[in-house]
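Here is how the chains run, residue by residue.
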Amino acid sequence: MVTVEVVGEETREIDPETLGTDPTYADLVRAVDYSPHEVSVLVDDQPVPEDRAVDADYVRVLRLIKGG
Amino acid sequence: MLELSRSVYDELIAHARERAPEECCGVLGGRQGADRSRADRHRRASNIASDPETAYELDPEEQLAHMQAIEDAGQDVVGFVHSHPAGPPRPSRTDERQATWTGYSYVIVVLDGAEPFVGSWRWTGERFQQETVAIQSAESPT
Chain R
1 MVTVEVVGEE TREIDPETLG TDPTYADLVR AVDYSPHEVS VLVDDQPVPE
51 DRAVDADYVR VLRLIKGG
Chain H
1 MLELSRSVYD ELIAHARERA PEECCGVLGG RQGADRSRAD RHRRASNIAS
51 DPETAYELDP EEQLAHMQAI EDAGQDVVGF VHSHPAGPPR PSRTDERQAT
101 WTGYSYVIVV LDGAEPFVGS WRWTGERFQQ ETVAIQSAES PT
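From first to last, the protein sequence lines are chains R and H.
For the first sequence, position 13 matches number 13 in the UniProt record's numbering, and the numbering has no gaps at all.
For the second sequence, position 132 matches number 132 in the UniProt record's numbering, and the numbering has no gaps at all.
Excised from the complex, chain R in its bound form (with noise of 0.2 Å):
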């Protein structure tokens, strides 16, 4: 299971399995109602390329603030 924290928002447990044969990042988003262009993935309070395959079990979404 992977933990992810929505910073601000909920925290949930997914299940890797769920998402098909190697989840990526930008999968684990999706898997909480996000897109990964909304939001930055954080590992350890770094950010983590979305397309990598999740190989953590505790990870931040962090939202992103930007606009024009």
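Treat the hints as calculated values from the structure; they're not laboratory data.
Hints are not guaranteed to be accurate.
[What the hints assert, rightly or not] Pairwise CB distance ranges, derived in the manner of DEER restraints: (1) R:G20 with H:P116: 50 to 56 Å; (2) H:P116 with R:Q46: 35 to 41 Å; (3) R:M1 with H:P88: 45 to 51 Å; (4) R:E17 with H:G113: 54 to 60 Å.
[What the hints assert, rightly or not] These stretches of chain R come out as covered by chain H in the derived footprint (C-beta under 8 Å, 3 or more residues): (5) 39-45; (6) 57-64.
Backbone N, C-alpha and C fix where the C-beta goes; we use that ideal spot for every residue, glycine too.
For chain R, the structure is supplied; the task is to place chain H on it using the hints.
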């Protein structure tokens, strides 16, 4: 409604003026409520947008550090600030497309008029809803 302490209000305008013509950005701390929030802390953030004169973007690591510092002080994250040095006095289309923090205040400091304007909008998840901005002196009751 968003209540700003006088010191935060002054700091927002000062930061926007210092960064112009680029957009400034930051994070507000205080007490967050569904209908009424109060901010008495402002943390300046770096604008890492590729074109900072027309866009803003917080660095995720810095954003998280600001938010954690606010929570470590026993406060809530109330919302976020950016400036429109040349207007408009409302959220832009880009602001609407990229908003993600449902229920939080998005404060915009506008500098295109004779006097600065500070407005605030709550992101409903679908649109920005303008809220009243009140400025309180240090002696005002909370």
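Consistency of the hints with the structure:
1. R:G20 with H:P116: 50 to 56 Å: The hinted range 50 to 56 Å holds for R:G20 and H:P116, with Cβ atoms some 51 Å apart.
2. H:P116 with R:Q46: 35 to 41 Å: holds (37 Å)
3. R:M1 with H:P88: 45 to 51 Å: holds (46 Å)
4. R:E17 with H:G113: 54 to 60 Å: Given about 57 Å between the Cβ atoms, the range holds.
5. 39-45: holds (count 4)
6. 57-64: holds (count 4)
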